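Position chains B, C, D and E relative to chain A; hints supplied.
So the sequence lines, in the order shown, correspond to chains A, B, C, D and E.
Residue numbers for the first sequence, in this note's numbering: 809 to 1114.
Residue numbers for the second sequence, in this note's numbering: 809 to 1114.
Residue numbers for the third sequence, in this note's numbering: 809 to 1114.
Residue numbers for the fourth sequence, in this note's numbering: 809 to 1114.
Residue numbers for the fifth sequence, in this note's numbering: 809 to 1114.
Careful, some of the hints might be misleading.
To be verified - Pairs of lysine-lysine, DSS-like flavour, derived with a Cα cap of 25 Å:
(1) B:924 x B:1015
(2) D:1027 x D:1037
(3) D:924 x C:924
(4) D:1037 x D:1112
(5) E:924 x C:1027
(6) D:1015 x D:924
(7) C:1027 x C:1015
(8) E:1015 x E:1037
(9) B:924 x A:924
(10) A:1037 x A:1015
(11) B:1037 x B:924
(12) D:1027 x C:924
(13) E:1015 x E:1112
(14) E:1027 x E:831
(15) A:924 x B:1112
(16) E:1037 x C:924
(17) E:1027 x E:1015
(18) C:1015 x C:924
Think of the hints as simulated: they come from the structure by calculation, not from any bench.
All values reported here derive from a predicted model rather than from experimental measurement.
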Amino acid sequence: MAHLTEAVRETLGWYDGERPGVKANLARILMHGRPGGSGRLVILPVDQGFEHGPARSFAVNPPAYDPRYHFELAIDAGLSAFAAPLGLLTAGADRYAGEIPLILKANNANSLGTVKDEAVTATVRDALELGCAAIGYTIYPGSDRQYDMFEEVRAGAAEAKARGLAVVVWAYPRGGQLDARAETALDVVAYGAHLAALLGAHIIKVKPPTAYVAEPEAKTAYPAGAYDKLQDRVAHVVQSAFNGRRIVLFSGGPARSDDDVIEEVRQIHAGGGGGSIVGRNAFQRPRDDALRLLERIIDIHLGKAG
Amino acid sequence: MAHLTEAVRETLGWYDGERPGVKANLARILMHGRPGGSGRLVILPVDQGFEHGPARSFAVNPPAYDPRYHFELAIDAGLSAFAAPLGLLTAGADRYAGEIPLILKANNANSLGTVKDEAVTATVRDALELGCAAIGYTIYPGSDRQYDMFEEVRAGAAEAKARGLAVVVWAYPRGGQLDARAETALDVVAYGAHLAALLGAHIIKVKPPTAYVAEPEAKTAYPAGAYDKLQDRVAHVVQSAFNGRRIVLFSGGPARSDDDVIEEVRQIHAGGGGGSIVGRNAFQRPRDDALRLLERIIDIHLGKAG
Amino acid sequence: MAHLTEAVRETLGWYDGERPGVKANLARILMHGRPGGSGRLVILPVDQGFEHGPARSFAVNPPAYDPRYHFELAIDAGLSAFAAPLGLLTAGADRYAGEIPLILKANNANSLGTVKDEAVTATVRDALELGCAAIGYTIYPGSDRQYDMFEEVRAGAAEAKARGLAVVVWAYPRGGQLDARAETALDVVAYGAHLAALLGAHIIKVKPPTAYVAEPEAKTAYPAGAYDKLQDRVAHVVQSAFNGRRIVLFSGGPARSDDDVIEEVRQIHAGGGGGSIVGRNAFQRPRDDALRLLERIIDIHLGKAG
Amino acid sequence: MAHLTEAVRETLGWYDGERPGVKANLARILMHGRPGGSGRLVILPVDQGFEHGPARSFAVNPPAYDPRYHFELAIDAGLSAFAAPLGLLTAGADRYAGEIPLILKANNANSLGTVKDEAVTATVRDALELGCAAIGYTIYPGSDRQYDMFEEVRAGAAEAKARGLAVVVWAYPRGGQLDARAETALDVVAYGAHLAALLGAHIIKVKPPTAYVAEPEAKTAYPAGAYDKLQDRVAHVVQSAFNGRRIVLFSGGPARSDDDVIEEVRQIHAGGGGGSIVGRNAFQRPRDDALRLLERIIDIHLGKAG
Amino acid sequence: MAHLTEAVRETLGWYDGERPGVKANLARILMHGRPGGSGRLVILPVDQGFEHGPARSFAVNPPAYDPRYHFELAIDAGLSAFAAPLGLLTAGADRYAGEIPLILKANNANSLGTVKDEAVTATVRDALELGCAAIGYTIYPGSDRQYDMFEEVRAGAAEAKARGLAVVVWAYPRGGQLDARAETALDVVAYGAHLAALLGAHIIKVKPPTAYVAEPEAKTAYPAGAYDKLQDRVAHVVQSAFNGRRIVLFSGGPARSDDDVIEEVRQIHAGGGGGSIVGRNAFQRPRDDALRLLERIIDIHLGKAG
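Pulled out of the complex, with its shape left as it was, chain A reads as follows (with noise of 0.2 Å):
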């Protein structure tokens, strides 16, 4: 670890009154692999097989069926974290101890069920044993449970902050008032972003949004045609997330062409956003098509020419 560099001084500048074992968690990931230094993120996620099930996962790239093939993905593309579920982590975090920054995704749902929840399923302490600079939940803002989940990721993100543990949220507003169209507006996206702030997420992952404002009470602040591209609704997001205070990450979604994520990125990058979450664009491709993606990602978010 070297000298912090000006860009992560700053960014843990936001952080101020977060205890010191926070933030240093925060500077490992900043600092860490080919982002490091650079104040932008680039994490793999991997919990899609809890939540659609390992054949939609794996089949299309069946290494990946191995837990210790996402942690070496993460580790050779030269990522700033690793982010799974307890048992994905649990099977890994001795192997590759100290390779990359962990990231315990603590509550869970699954496609086989019909109520719009998820499960805690591990602890602040489960992330202390193996290791982790963060723990993560998933909240879905709208939902019937939302209130719960709130709770839930309330009570762990205390125990986390406590124990010197940074918080991420995935901000999912879903249920409710919101049929799909909504669950990607771009009001509702950014209200995802703010309550995760407000519940005290340290970074936030959102779904890039649509320029569909769903909200009727919530079209008058969005003056049509200011939101076109999707670089400005990515800076309205940012913004919304304590006018860009919090480490916003953007997702991938489902897998797509290489020409398609990339121009996504940029805009991203363009926008502000704080950098990318890529899961199924990065373990349902070839391994070596994968390293190359997440390579031009990271220049992307490093402002090299992507």
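Just chains B, C, D and E, lined up with the frame of chain A:
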């Protein structure tokens, strides 16, 4: 206990990062009985009485009403371990102390209610007092109570591991979007095994899957014809459990003819299954028949002509 | 683990009323290694480094500085169990998981201080995490701190038994009214063994007693000439441990010639001693010599010509 | 953090069976600063103020009265870690978060009292909140309070390890049978290092031993002439710490000339010492002199001409 | 258990305000055995092995080395209860469960040390697990450690009562200002009984007092000649225990002739003593002699010709 065999050493290697006590208890089970040292397990579970009531479970073979019958059956058959609920284990743990590794089945359901859930009926402390090598939990992925069940398993498994006990998870998808046919669908069984691994199970028990694929989104992951043979389906379920780095046991289901059971075990063995967990097909036969069948099952898992 | 032998069943019968887990762990020790099944035990204890320092313990046989040396010596000699303090057990418990029953020596003293006491250096929880079958404590009956030590043992033993662990007590009278000669006096050693049994020990370790009787009030209980042979003194100590219903092990003391050790072991066996606990006479010899001596010791306890 | 080097991987291999979080924190320290990756450590400890008072510690170099001075000295010198008591760490942990691994010195003594003991002045929770990679304790083997100190270390170390922190033990024999000369005797220093390892330390700090042997019973283990060179004494102390399978650091002692310090470090390096822990010889020099000396010390541990 | 007798009802009336569970356990003891229903108790205590060592206790009657001997003696003699330390009770509590009320002697001393204290060797929890009706403690009024002992008894008794156990206190003044003669002085024994009552004992055990009065200040309270007969001294001690509203038992002391024992018991009965607690005079006789003597003792307490 002789020196560990290479097969057992390799299996323990999958559990990299687990506490030494967990590995020692896995080794106790893996080195015990006739399958001892092979890396494969054959286990007798007797929770049918809880699940289906005594008469449906034992009337066909009345000596099985006595808890000691099952201990002796498991011991005399040279099985790897014996699994049962608290009361049943307590009724023999003293008399048969040291004769066979025990697995405390710590949650249970019955057939009288309508809610798809289980009651937590025993604790890690009970398991330690009874001298168990492992504790076991059932999950019903898909059911409306699935997330509560996951959280119960999480809590029990964390305490068990901290006390050096191995964790067995019975993964039985049901409820939610799953109709009866879907419960044993290939994608669903594989999904259940994967969830058990992600929740931290060391040993996973599933039902042999059919060739049916239930989730529409999963169908592309299963090319037509590729999974017509049970052996290939078994291999896929094993792959879904961390690419074969977790022990996956296949249950025998309702009582059937010896030949049907044996044919199924052959396919399980051929597909790389970690072994068999045989309840009704053992204790619902007359003792001598059961011993003979179990001997054949073990022989197959040992690679001998069955 | 084969069926328990009659000898082991009989031994377990002495522990009537103990929890099944305790019996299962006693059975693990009693069935393990070359003495397995005989009802006799031969154990390697390595706490000399704590008691006397590393050079006095290991300089004569430098490979013994490495914790793994002792695990391998105990395993390769086919001993019943290996006992050591926390740090030493931790340094091998993972690598040798499942290969030999472990006993965590949970209190320790060193030779640098002047206070006759021990520090509690490990807990029942540590023992469970390391996969131990038993936990062990030293008591110094007679010392000014004896009652504190008894209370520490009581607390540790109660917790250990509630968690299914067997309890080993090293009974070493010293201090108080006891001069150096009295520490190994027949009445005093027998008294120490009795106290250990009353405190709840399952396995008791004592030093071979001399024919000296230290307590004036005890002299009438020891007719002149009746205890001239070590064999008879051993029998009396065993009798003092609940009339032979506790396993009493005799330690080998400082390193001596093979013949001296063997002659002593013969008398211990002839007197009905439960076995030998051989530290310095094992690890302070070159490995091959140690293996040869341990083989002879085991042979004697198995009733073979030594 | 780059990929771990082979030297660091080998060092982590010594800690087989420890939790992943402990290994990750050891890796953080081992990969940090100029010694990063070499397997050797150079650490700045500043507990002199607690031990000897501020004037005796800092008057010679007044900027050192400011806690931030020490953080910056350690960071600018490229050291592996910085160790200090609670108040001093708290005074800089936020400002320098993420810049250098921290070790919370959790017990302390002062020079005002007469009892050879230490107060526990900080907890594992403090260490986590401050973002420390390790927690440290001093023991005084031999003192009348030694067993109480061992028990405090045991409790703290157990909790630290369960939370993924590494454990450093300062082993300083004193009191009891030990006069001043004995405190740095070869046998006594080696004994202290061994006790620290048995108590579960991952990193052990000792003073460079003299050629004097204090315990009469230990003299035969030290052939005359065999330990005349410091390098050989260092090698013996390292051997006493599980045959070199624990990191042993040697302290610099009172402030001396650069040449004296450098010559001692050369011998420590030649003897296989794990590194240096340099307090007074660093912060009691003017900053530029200190940086120059620390650079030379690191160079020696990196195998470069000093 | 038949209806309580009037005598037992009256005795229970003394314990007005105690929890029902305590009364139920007192009733169990008072209704048991041949003295059952009389309001008088005859109890076998076997803590001699702890106090004086095994040979001094049992060599004269070797079958008594076996814990089961004492259970059977107490049961076959039709005694009210059996009292012993943890290890000895544990060795028979299972085999003889339900055959005789048990009293766990929860603190103990031995004759090897020089400190006048006792170790707390068992807990209320132990007593409950073993199915005891009462827990017992010794106090040494006068000794330097008396207040610590009182506090231990207080804590144990409070917990015992909260769990429904009766509390027995052995009151043995010694140490401090008391020389050997004073230990059985009338005023001192009465003082001890009173202290036990004040500390909350339900049943108090004392030694038969001599006519000597030890405290100068107490002499005026004991008119010359008024206490020449043991019967009157017994009456005074009983009076000192809340005017006879506590059960006071008198111990038999060292082994003596049957006639001496019987004569003493006659006086105890005549003086209104609550019964006898007979250890060495029971188990240090051959079994048949012991049974005969105990029969005579019970007869006296039942008011039959002895």
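Exercise for review: Compare the structure with the hints numbered earlier in the document and write down the numbers of the violated ones, lowest to highest.
Suggested key: 11, 14, 15, 16
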